[in-house]
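Chains as they are written, first to last, in the numbering used here: chain L, 1 to 256; chain S, 1001 to 1265.
For the record, the hints were derived by calculation from the structure and aren't laboratory data.
Virtual Cβ for every residue (Gly too), placed ideally from N, Cα, C.
Check each hint, because a few of them may be wrong.
Pair ranges (Cβ atoms, derived) [said to hold, decoys possible]:
(1) L:A103 x S:L1026: 31 to 39 Å
(2) L:V251 x S:L1026: 33 to 41 Å
(3) S:S1066 x L:K254: 39 to 47 Å
(4) L:L220 x S:H1136: 51 to 59 Å
(5) S:A1111 x L:A104: 45 to 53 Å
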Amino acid sequence: MNIEMSSKTRERLLYLISPVAFLVIWQILLMAGIGDRRFVPAPSDIARRFITLAGTGELEWHVGVTLYRVFLGYIIGAVPAVAVGLLMAMFKPVRIMVDPLIAALFPIPKIALMPLLLLAFGFGDASKVALVAIAVFFPVVVNTYVGAANIERIYWDVAKNYGASQTVMFTRIVFFGALPTIFAGLRIALAVSFIVLVASEFVATKSGIGYLIWNSWELLQVDVMFVGIVTIGILGLITSVLFQEIERKAVPWKTE
Amino acid sequence: MAGERRGAAIDIAGLRKLYLSGPARLVALDHIDLRIAPSEFVCIVGPSGCGKSTLLRILAGLTAPSGGTIKVDAPNWAVENAMVFQESGLFPWMSVEANVGFGLMTRGVGAHEAAARVEAALKLVGLTRFRQHYPHQLSGGMRQRSAIARAFVTDPAMLLMDEPLAALDAQNRIILQAELLRIWEQTRKTVIYVTHSIEEALLLGDRTVVMTAQPGRIKQIIDVPFARPRDPMTLSASPEFGRLKLDIWRVLEDEVTRARHDEEK
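Okay, chain L solo, but in the shape it has when bound (with noise of 0.2 Å):
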């Protein structure tokens, strides 16, 4: 038990060793003079105004407004995307009726439908959001979907044979059997949603960590900018830290 604890924290740091080596290769860099630090702003340069803009609210306010919209968005995408995605599977009619639209659709770059949900939805968090939702959706539809059809027969022989109803075989054998590929779509869906979701706070809004990133642009305060960048690395690593140990609660019998 104890070595596979210590294995399991040796892991953890394993993961942490290439983002650092990054930071520390770039401020060695600018501190030999390679460079121009107002424009390449050095690590330490970006962590003395991440200080002075957490010490002022200004950073976790933009962070709390870019979560929520992420948070909200991603759940309306990704509960009704699992569901048509095992539907799809289920129900052959269904899969034909929705098939054509997914295709036509996923390929679409959903940033481009920015302008057309602000004239839906205004400049609000409801854009946003509804932005995010979309981009959310087709990665899990689509993961979901073929996690769901490649499920062996026999579990599907075996649930019939022992009496399953569609109720029983739709939550207990369909969505567990496709459950792994749905954490790869979610695991997906979650970098596009942070993708869309700051490209489009660059416009229409005065908030969140797109639009921190944008001003600062404007206003060619570079090391504000890096802020916002690092702090959109920095919640993705979060995020995906976290999505790994909600995965390995989930997918118990996960085997690698």
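Using the hints, position chain S against chain L.
Chain S in isolation, oriented as in the chain L frame:
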């Protein structure tokens, strides 16, 4: 559970199964007539591809027959049949306990009663200590034990077993054969057991049905006269056992050769 209660009586008449895939029309089963008495243990042997698994799947309601009738007389049984599959078919996402209780959950058996029955079934197959484990944490033998427990716990009038021990090593197979005999003698369910091993058919069954290679027909039905309770090791060492095994092999031999020729063509 034992006592007067008898397993299902099964009457299969003129059963046919055709597969129409592309230009080839495959007759998987043809003219299957078989009457099985309540609480009988019938083994089916035959060359691979003779449709013996198809027959079980039809009885299990997983495949529709192309013709013929099946009458199952199972009064006073809540569950008509339960199948044990070749590759255990335990759900990887459920604990042993949840897997074993699956057929009770689907049929709305109350939590309290279900827990007690699962407990008894786990005890029957000696897996009480592993109830919280997931299938990937079990050995092949333990997985098959769980699958057998999952079938028995639903208290079916007939058990359909599709080469349930084929994937196990020799030692585990002998142990599980003995366990299966013990459990069956306690519960006296009707069992239809598909195997490719003549020996297994003689150790377990009351009758052995020998099937022909494609199209699958019943070639001969042989009574297995050995007294019960049977001890697999002693029984398999007896001269009568050896003689009967050879007899059945003679019946089966032509079919196996024919099946091989068909495959090579």
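How the hints compare with the structure:
| no. | hint | result |
| --- | --- | --- |
| 1 | L:A103 x S:L1026: 31 to 39 Å | 35 Å, holds |
| 2 | L:V251 x S:L1026: 33 to 41 Å | 40 Å, holds |
| 3 | S:S1066 x L:K254: 39 to 47 Å | 41 Å, holds |
| 4 | L:L220 x S:H1136: 51 to 59 Å | 57 Å, holds |
| 5 | S:A1111 x L:A104: 45 to 53 Å | 47 Å, holds |
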